[in-house]
Amino acid sequence: MFENIGEMLVLFWRTLMALPMTWRQRHKVFEQFFEIGNASLLMVCILSFFIGGETALQTGPFLAERSFGGYLGGIVGYSVCRELAPILMAILIAGRIGSAMAAEIGSMRVYQEIDALRTMNINPIHYLILPRLVAIAIALPMLVLFAILVGWVGGAVVSAANNRIDIPIQAFFKNLQEVVQFRDVGNGLFKSFCFALIIGVVSCHQGLVTIGGPRGIGRSVTKAVVNSIVLIIIFDYILTRVLLK
Amino acid sequence: MSAPDSNHDGVGVEVRGLRKSFNGQEVLKGLDFKVEPGEIFVIMGPSGSGKSVLLKQVIGLELPDEGEILINGESIQSPDVMEKHRMAMVFQSGALLNSLTVGENVGLYLSEHRLKPPEEIGRIVAENLEVVGLKGTEEKMPSELSGGMKKRVAIARALIVEPELILYDEPTSELDPVSAVVIGEEILKLNKRTHVTSIVVSHDRELAFGVADRIAVINDGRIVAIGTPEEVKNNADPMVQGFLRADIKRPTKNNL
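Respectively, the protein sequence lines represent chains A and B. Using our numbering, the first residue of the first sequence is number 1, and each one after it goes up by one. Using our numbering, the first residue of the second sequence is number 246, and each one after it goes up by one.
The set of hints was computed from the structure by calculation and includes no laboratory data. Possibly wrong hints are sitting among the right ones.
[As the list claims (entries may be wrong)] Pairs of lysine-lysine, BS3-like flavour, derived with a Cα cap of 30 Å:
#  : chain 1 : residue 1 : chain 2 : residue 2
1  : A       : K28       : B       : K380
2  : B       : K301      : B       : K329
3  : A       : K28       : B       : K329
4  : B       : K301      : B       : K494
5  : B       : K361      : B       : K385
6  : B       : K385      : B       : K478
7  : B       : K434      : B       : K329
8  : B       : K361      : A       : K28
9  : B       : K498      : B       : K279
10 : A       : K28       : B       : K494
11 : B       : K361      : B       : K437
12 : B       : K301      : A       : K223
13 : B       : K380      : B       : K434
14 : B       : K279      : B       : K380
15 : B       : K434      : B       : K385
16 : B       : K478      : B       : K494
17 : B       : K301      : A       : K28
18 : B       : K494      : B       : K434
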């Protein structure tokens with residue numbers, strides 16, 4: 001385990017050192033960025049709408065019964081932007097994009113494509129890892145920003161439509177505006193940026209250390225997703241603790 | 246990295262006391278041999294004898310546990326030797342990047358190192374594909390090609406580097422006899438045209454005796470015979486003779 005962590009840190013450091021090459025690899029960054037956005041945007045919208053709605057549904061009736069319904073916008077807004085959107089989108093992207101990264105790099109490793117790159121003096125970190133890491137580090141916070149907005153809308157719609165809550169959309173957003181500050185959204189986006197780095201590094205590392213045939217690739221994909229999710233949850237606690245007001 | 250020039254000769258390769266183990270199992274048990282510049286040197290041996298491992302060490306994909314590999318007298322572990330000498334490898338599977346077209350695969354070295362403008366890369370790619378008999382296949386994906394075509398694309402990709410040393414890992418494996426002959430002829434043509442040093446790893450006897458200037462036979466991580474094709478053919482070692490003359494014996498009624 002410690003060997004893996006060490007290797008991932010080395011991979012991360014080498015990719016950071018390669019950052020000046022980003023402009024040269026911009027086409028690949030854009031390709032990856034498009035891939036991530038295209039593969040996930042619809043799913044992000046659906047998921048975040050229901051997350052917002054479900055949060056409102058869980059807390060709304062409880063607050064409304066005690067005449068605290070006016071605070072619902074703030075509660076939903078705050079929990080979606082600081083916690084739910086960043087972590088759930090990160091888990092979604094770990095499953096969709098992290099697995100694809102591990103599978104693609106893993107199969108390139110197994111079928112000697114990475115060796116072929118090395119014989120041509122092409123650094124696999126510049127060619128494969130850097131574009132993926134940069135793309136996911138930009139794309140995930142953008143998806144999370146989208147998820148936050150859609151999540152709020154989901155919360156507002158459910159609050160207005162559910163008879164037991166019955167809070168008008170304007171009142172929901174008025175309270176949300178009073179409670180949620182730009183700083184809270186910024187915290188959520190910062191968290192998602194950290195989660196993106198975790199998904200990118202873990203998945204690319206798993207791809208690079210793949211051995212064996214198709215079974216090895218399958219094993220790497222599973223490990224990439226599971227390890228990413230475990231690390232995301234651990235880092236979520238650490239970041240929440242650090243960013244707590 | 247400078248642009249490859251078209252006038253180049255092969256490099257000399259010397260392997261001294263090479264040893265390599267994986268998980269405690271010794272695969273290479275002290276190999277010593279020398280390949281002269283411009284020579285086609287074939288390494289033969291049964292599967293699992295360490296041939297491909299040797300090739301990976303020669304091009305620097307793996308480091309030896311003991312011993313050294315010298316390119317024109319300089320160790321490949323010296324900082325700039327891999328930059329100084331152009332080397333290429335044709336992998337057993339071809340190892341084409343499946344996400345790129347044939348043309349992008351062949352021109353990858355030039356485009357990634359920005360050695361030529363895109364139009365010139367396109368022209369050079371077309372020329373190299375024509376050399377290996379695959380004119381007009383630039384836009385195809387590797388998945389659309391047969392095994393033999395993939396290997397020829399891999400050779401075209403290696404040619405782009407204008408290599409001084411080219412390594413072939415089982416170039417005729419999984420090919421039909423006609424495609425195998427085409428690949429053998431490509432190796433010879435390339436050697437004649439550019440005087441590139443070629444190291445070919447294979448257990449294909451026809452290919453080995455058809456292209457080799459010299460042959461080494463490896464068994465169990467050691468060289469058991471080395472010399473010209475004639476010398477190897479006449480080698481008295483039972484393993485060498487067993488390997489070279491291996492044949493299918495039809496069962497008779499008595500030994501069924």
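Worksheet item: Under the criterion that the straight-line Cα-Cα distance not exceed 30 Å, is the pair B/K361, A/K28 satisfied?
Response: Distance of about 19 Å is within 30 Å: holds.
Discussion item. For B/K361 and B/K437, compute the direct alpha-carbon distance and say whether it is at most 30 Å.
Written reply: holds, 26 Å
Practice prompt. Assess, step by step, whether the Cα of B/K478 is no farther than 30 Å from the Cα of B/K494, and give holds or violated.
Written response: The given pair, whose Cα atoms are some 21 Å apart, holds under the 30 Å limit.
Worksheet item: Quick one, are B/K380 and B/K434 close enough, alpha carbons at most 30 Å?
Response: Answer holds: B/K380 to B/K434 is near 17 Å, not above 30 Å.
Fill in: Satisfaction of hint between B/K494 and B/K301, Cα-Cα up to 30 Å
Outside the cut-off at roughly 35 Å; violated.
Item to complete: Verify the proposed pairing of B/K498 with B/K279, using a straight-line Cα cut of 30 Å.
Response: Not OK: B/K498 and B/K279 at ~49 Å, beyond 30 Å, violated.
Worksheet item: Does B/K434 pair with B/K385 here, judged by a C-alpha cut-off of 30 Å?
Response: holds, 25 Å
Worksheet item: Hey, B/K385 versus B/K478, does the alpha-carbon distance stay inside 30 Å?
Response: Not OK: B/K385 and B/K478 at ~42 Å, beyond 30 Å, violated.
Worksheet item: Is it true that the CA of B/K279 sits at most 30 Å from the CA of B/K380?
Response: violated, 37 Å
Practice prompt. Take the C-alpha atoms of B/K301 and A/K223, compute the straight-line distance between them, and say whether it is at most 30 Å.
Written response: OK: B/K301 and A/K223 at ~28 Å, within 30 Å.
Discussion item. Tell me if the straight-line CA distance from A/K28 to B/K329 falls inside 30 Å.
Written reply: holds, 29 Å
Item to complete: Assess, step by step, whether the Cα of B/K301 is no farther than 30 Å from the Cα of A/K28, and give holds or violated.
Response: Cα-Cα ~29 Å, so holds.
Figure legend: structure checked against the earlier numbered hints; hints not met, in rising order: 4, 6, 9, 10, 14, 18.
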